[in-house]
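S.K.: What follows is the residue order along each chain.
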Amino acid sequence: LAKTTQPISMDSYEGQEVNITCSHNNIATNDYITWYQQFPSQGPRFIIQGYKTKVTNEVASLFIPADRKSSTLSLPRVSLSDTAVYYCLVGDQAGTALIFGKGTTLSVSS
Amino acid sequence: GAVVSQHPSWVICKSGTSVKIECRSLDFQATTMFWYRQFPKQSLMLMATSNEGSKATYEQGVEKDKFLINHASLTLSTLTVTSAHPEDSSFYICSASIQNRDRGRNQPQHFGDGTRLSIL
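Listed in order, the protein sequences are those of chains A and B.
Residues in the first sequence are numbered consecutively from 1, following our numbering.
Residues in the second sequence are numbered consecutively from 1001, following our numbering.
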């Protein structure tokens, strides 16, 4: 069973900020939280990873509360090309298989 | 950044044919690689864990004699779908992570771009 729960779908307009929240109530001490983006007929692409507090890179921010039971991926000013499926995963990554949930299908309209 | 390459990207073949898919880590060594299968409109399903120099570990319900995995080097794992049938048609994806001790354990997994397998 997947360790995470996300909304099945979200809709947004170009230029808006999109926040996708993921629940992972049973996260283990060694687990990191990683988000991937997948376009049709392509492999998942790494977006961002964090352990606690806030992480920011050139494409997204990841907010993790102190209890680490949830996390929020924030995409600033989305564009049409951000339409994709977004997966939240928890695990210690190296050497450990990732179990995918259903992901969140984000649809961005003009 | 780390790159995982899959080949071929698309295969169409007749029922009964065996098909080999390659997964390569291009700029890092990976003692462990993972194979996933994805059906249309569904999420990725883990098939097996490929370990360099040893037998693969298969998930429940995945036939090891049907899906042969070989991980002969630190940069290459292969998945062979033997005697493929139309129900084996799917999108197959591999992943790997950097396990260089100097880089620590929190390296994210990187995925190949997948192989679309169509069995006629």
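No lab work stands behind these hints, which were simulated from the structure alone.
One or more of the hints may lead you astray.
Said to hold, decoys possible - In silico DSS-like pairs for lysine-lysine, Cα to Cα no more than 27 Å straight-line:
{"id": "1", "chain 1": "A", "residue 1": "K3", "chain 2": "A", "residue 2": "K69"}
{"id": "2", "chain 1": "A", "residue 1": "K3", "chain 2": "B", "residue 2": "K1020"}
{"id": "3", "chain 1": "A", "residue 1": "K69", "chain 2": "A", "residue 2": "K102"}
{"id": "4", "chain 1": "B", "residue 1": "K1055", "chain 2": "B", "residue 2": "K1020"}
{"id": "5", "chain 1": "A", "residue 1": "K102", "chain 2": "A", "residue 2": "K3"}
{"id": "6", "chain 1": "A", "residue 1": "K3", "chain 2": "A", "residue 2": "K54"}
{"id": "7", "chain 1": "B", "residue 1": "K1064", "chain 2": "B", "residue 2": "K1020"}
{"id": "8", "chain 1": "A", "residue 1": "K3", "chain 2": "B", "residue 2": "K1014"}
{"id": "9", "chain 1": "B", "residue 1": "K1014", "chain 2": "A", "residue 2": "K102"}
{"id": "10", "chain 1": "B", "residue 1": "K1014", "chain 2": "B", "residue 2": "K1064"}
{"id": "11", "chain 1": "B", "residue 1": "K1014", "chain 2": "A", "residue 2": "K69"}
{"id": "12", "chain 1": "B", "residue 1": "K1014", "chain 2": "B", "residue 2": "K1041"}
Predicted model, so just to flag it, every value in this text is computed and none were measured.
S.K.: None of the hints should be skipped; say for each whether it holds.
M.R.: Okay, the hints, checked on the actual structure:
Our distance criterion of 27 Å between C-alpha atoms is met by K3 of chain A and K69 of chain A, whose separation comes to about 11 Å. Under the criterion of a C-alpha separation no larger than 27 Å, the hint pairing K3 of chain A with K1020 of chain B is inconsistent with the structure, at around 31 Å. A hinted pair counts as satisfied when its Cα atoms are at most 27 Å apart, and K69 of chain A with K102 of chain A qualifies at roughly 18 Å. With a C-alpha separation of about 17 Å, the suggested pairing of K1055 of chain B with K1020 of chain B holds against the 27 Å cut-off.
Simply put, K102 of chain A and K3 of chain A have alpha-carbon atoms about 11 Å apart, close enough for the 27 Å limit, and the pair holds. This hinted pair checks out: K3 of chain A and K54 of chain A have alpha carbons roughly 21 Å apart, not beyond 27 Å. Our distance criterion of 27 Å between C-alpha atoms is met by K1064 of chain B and K1020 of chain B, whose separation comes to about 14 Å. Distance hint between K3 of chain A and K1014 of chain B is unfulfilled; the C-alpha atoms sit about 38 Å from each other, more than 27 Å.
For the proposed pair K1014 of chain B and K102 of chain A, the alpha carbon gap of about 31 Å is over 27 Å, so the pair is violated. Distance hint between K1014 of chain B and K1064 of chain B is fulfilled; the C-alpha atoms sit about 21 Å from each other, no more than 27 Å. Only pairs whose Cα atoms come within 27 Å are accepted, and K1014 of chain B paired with K69 of chain A is rejected, the gap being roughly 48 Å. Between K1014 of chain B and K1041 of chain B, the direct Cα distance comes to roughly 24 Å. Compliance with the 27 Å bound is thereby established for this hinted pair.
Checked against the numbered hints above, the structure breaks hints 2, 8, 9, 11 and satisfies the rest.
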